[in-house]
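A.B. asks: Sequence:
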Amino acid sequence: MLDRIEGAISVIAGVLLMCLALLTLGDVIGRNIFHQPLAGTTELTELGLVGITFLLYPQIALRRHHIVIDLFDGVAPQWLKAVQNVLAGVLGALFFAALSWRMVVQGGRVSSYGDITTYLHIPLGPAYYFMAVLSALTAIAFILTIFIAPRDAKREGHAPSLGIE
Numbered sequence: 001m002l003d004r005i006e007g008a009i010s011v012i013a014g015v016l017l018m019c020l021a022l023l024t025l026g027d028v029i030g031r032n033i034f035h036q037p038l039a040g041t042t043e044l045t046e047l048g049l050v051g052i053t054f055l056l057y058p059q060i061a062l063r064r065h066h067i068v069i070d071l072f073d074g075v076a077p078q079w080l081k082a083v084q085n086v087l088a089g090v091l092g093a094l095f096f097a098a099l100s101w102r103m104v105v106q107g108g109r110v111s112s113y114g115d116i117t118t119y120l121h122i123p124l125g126p127a128y129y130f131m132a133v134l135s136a137l138t139a140i141a142f143i144l145t146i147f148i149a150p151r152d153a154k155r156e157g158h159a160p161s162l163g164i165e
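Sequential numbering from 1 applies to the sequence shown in my numbering.
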């Protein structure tokens with residue numbers, strides 16, 4: 001079930017990325033050939049990047065594909081790797097929980113002010129709530145990484161940090 005959800009999210013993010021590429025292409029063609037850029041391209045690009053980024057955060061956390069510094073992984077004992085895994089999970093969860101909370105607060109402010117994008121008049125509140133929900137899911141994903149092996153450990157040869165599956 002989780003594989004299907006991940007697959008669907010990856011497809012949605014891929015479609016968004018393709019739409020952004022086509023939008024940029026259309027804007028460049030309009031700007032350079034017809035001397036008329038597409039109105040709202042910047043706004044749609046910003047919102048599309050928000051969508052792609054926050055859609056993929058939970059998957060990145062579950063698979064442990066976030067940025068890491070592995071200077072001592074080759075020489076560190078297994079117990080230290082387990083401690084490092086727990087610490088990374090807790091810190092990641094705290095960060096994304098705080099981010100989610102702040103996005104809810106900011107989403108409430110933006111919604112109450114009726115903030116919209118400049119050219120296309122797209123309400124900004126839903127974007128903040130979207131980021132809040134996906135940040136909360138990412139926090140949950142980081143908590144799960146404390147207790148489970150990486151989602152792709154068997155497929156890509158990664159060793160589980162705690163050996164719990």
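Worth flagging that the hints you see were computed from the coordinates, not collected in a lab.
A quick note: this is a predicted structure, and the numbers were derived from the prediction, not measured.
Ideal placement from N, C-alpha and C gives every residue a C-beta, glycine not left out.
Do not take every clue at face value.
[What the hints assert, rightly or not] So the derived label-pair ranges between C-beta atoms look like this: (1) 118 with 81: 42 to 50 Å; (2) 33 with 76: 33 to 41 Å; (3) 147 with 42: 38 to 46 Å; (4) 28 with 120: 54 to 62 Å; (5) 81 with 123: 44 to 52 Å; (6) 75 with 28: 29 to 37 Å; (7) 76 with 35: 21 to 29 Å; (8) 148 with 121: 22 to 30 Å; (9) 83 with 28: 20 to 28 Å; (10) 39 with 2: 39 to 47 Å.
A.B. asks: Could you run down the list of hints and mark each one as holding or not?
C.D. replies: Hint check:
Against the hinted window of 42 to 50 Å, the Cβ-Cβ separation of residue 118 and residue 81 comes to about 49 Å, which satisfies the hint. Remark: the range hint 33 to 41 Å for residue 33 to residue 76 is contradicted by a beta-carbon distance near 57 Å. In this structure, residue 147 and residue 42 meet the distance hint of 38 to 46 Å, their C-beta atoms being roughly 42 Å apart. The given range of 54 to 62 Å is broken by residue 28 and residue 120, whose C-beta atoms sit roughly 19 Å from each other.
Distance hint check: the CB atoms of residue 81 and residue 123 are about 46 Å apart, consistent with the given range 44 to 52 Å. In this structure the supplied range 29 to 37 Å is violated for residue 75 paired with residue 28, their Cβ-Cβ distance being about 50 Å. The given range of 21 to 29 Å is broken by residue 76 and residue 35, whose C-beta atoms sit roughly 59 Å from each other. Take residue 148 and residue 121: their Cβ atoms lie about 44 Å apart, and the range 22 to 30 Å is violated.
Taking 20 to 28 Å as the suggested C-beta distance range, the pair residue 83 and residue 28 does not conform, at roughly 50 Å. At roughly 40 Å, the beta carbons of residue 39 and residue 2 sit within the given window of 39 to 47 Å.
The structure fails to meet hints 2, 4, 6, 7, 8, 9 from the earlier list, while all remaining hints are met.
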